[in-house]
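Just so you know, the protein sequences line up as chains P and H, in that order. Residues in the first sequence are numbered consecutively from 194, following this note's numbering. Residues in the second sequence are numbered consecutively from 23, following this note's numbering.
A few of these clues could be false.
Below, a sample of chain P positions facing chain H; criterion: calculated Cβ distance under 8 Å [unchecked claim]:
no.: 1; residue: 226
no.: 2; residue: 238
no.: 3; residue: 282
These are calculated hints, taken from the structure and not from any lab test. The beta carbon of each residue, even a glycine, is placed where N, CA and C say it ideally should be.
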Amino acid sequence: MNKTAVSENERWLLSYYRASEINGALFFGRVARTVRGPLLVDVTHHFTDEANHANYWTQCLHEMDLTPVPQNRAYQDQYLEAVGMPANVMEVMAITQVFEKRVIGQYGRHQRYAGTHPLARATIQKIMLDERWHVKYVRDALADMADRYGPELIDTTLARFTTADDEVYAKTLEEYGQRLEFLGETTEHYHGTETEHP
Amino acid sequence: MHATFAVVAERISITSGVAVDRLRPETTLKELALDSFLLVEMAVDLQEEFDAIFTQEDLHRVVTVGDLVELLNTSQAADVRARSAAGRG
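Only chain P is shown next, with the shape it has when bound in the complex (with noise of 0.2 Å):
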C-alpha cells in the first residue's frame, strides 16, 4: 500500500482511464481479428498494449489501496456516438490517430501537473512510450493507405474526425470538469488558451 493521499477527483481519473483502455483493448481485440496484410501485427499489439494499460491502471489504484470508480460510459463511446462507427480500416486507423494524439495530451497534462501521485505518474511515463508508437505506426498505415483511399479521402476523414474530436472534449468538460479542475482543465482553459491541440 502506498500512503500518499490520493484526492477523490485523481481515483475518479485513473478510473476512467482504466475504463477507457478497456474499451480501447476491446475494440482492438474487434479490429484484430479481422484485419490483413502488416497492419496485423501492429493492430494486434495495439490491443494487447491497451490491455496492459488497463493492467497498469488496475495496479496502480491497488497500490493505492484504492478500487476503481465504476464508470458508465468511457471517452470512446461519446466519440463513437459523435463520428458513427468506423465504416472501413482507414477510418479504423483515422480515428485512432485522432484519439491517441488526445490521449497523449491528456495524459501529458496529468503528467506535468505538480500535485499528480507518484505511483500515477510512473503509470503514465510507462503508458506514454507505448502511446507514441501508436500514433507513429497509425500515421505510416494511413500514409500507406493513401493508394488504396486516395489521400484527398484521408484528409477529409481525419479532418471530420478532428472535428468532432474537438466536439466531444469540449463536451466532456463540461461534463466532468469539476473532476478535471484539479489539473487546471477547465472549459474555458480549453476554449480560451489551450495551444496544445494534439
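Using the hints provided, position chain H relative to the given structure of chain P.
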C-alpha cells in the same frame, strides 16, 4: 472479386457466430443482433476479403444480407478510387 451470397454468408457466419443456414438474402442485420463492434468487425472483414471500400453512408443503407452482397459488388476498391478521383465519390 465478385461476391456471391454463399461466400458472404460463410464470412458473416465465421465473424458473427451465426449459423450459416440461418442466413438468407432477406435476413436483416437487425435479426442477427450484432453489437456495434461486431458490425465493424464484419464490415472490415468483408471489405478485406473482397477488396471493397464501404463508407458510413453505404452501411446506413444496408438492411439485409442481400443488400450487403450487392454493396460488396458495387464498392470494389478500384471503382471507389476512380469515383473519388473524379470528385464524385
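Structure-based check of all given hints:
{"no.": "1", "hint": "226", "in the structure": "holds (6 Å)"}
{"no.": "2", "hint": "238", "in the structure": "violated (17 Å)"}
{"no.": "3", "hint": "282", "in the structure": "holds (6 Å)"}
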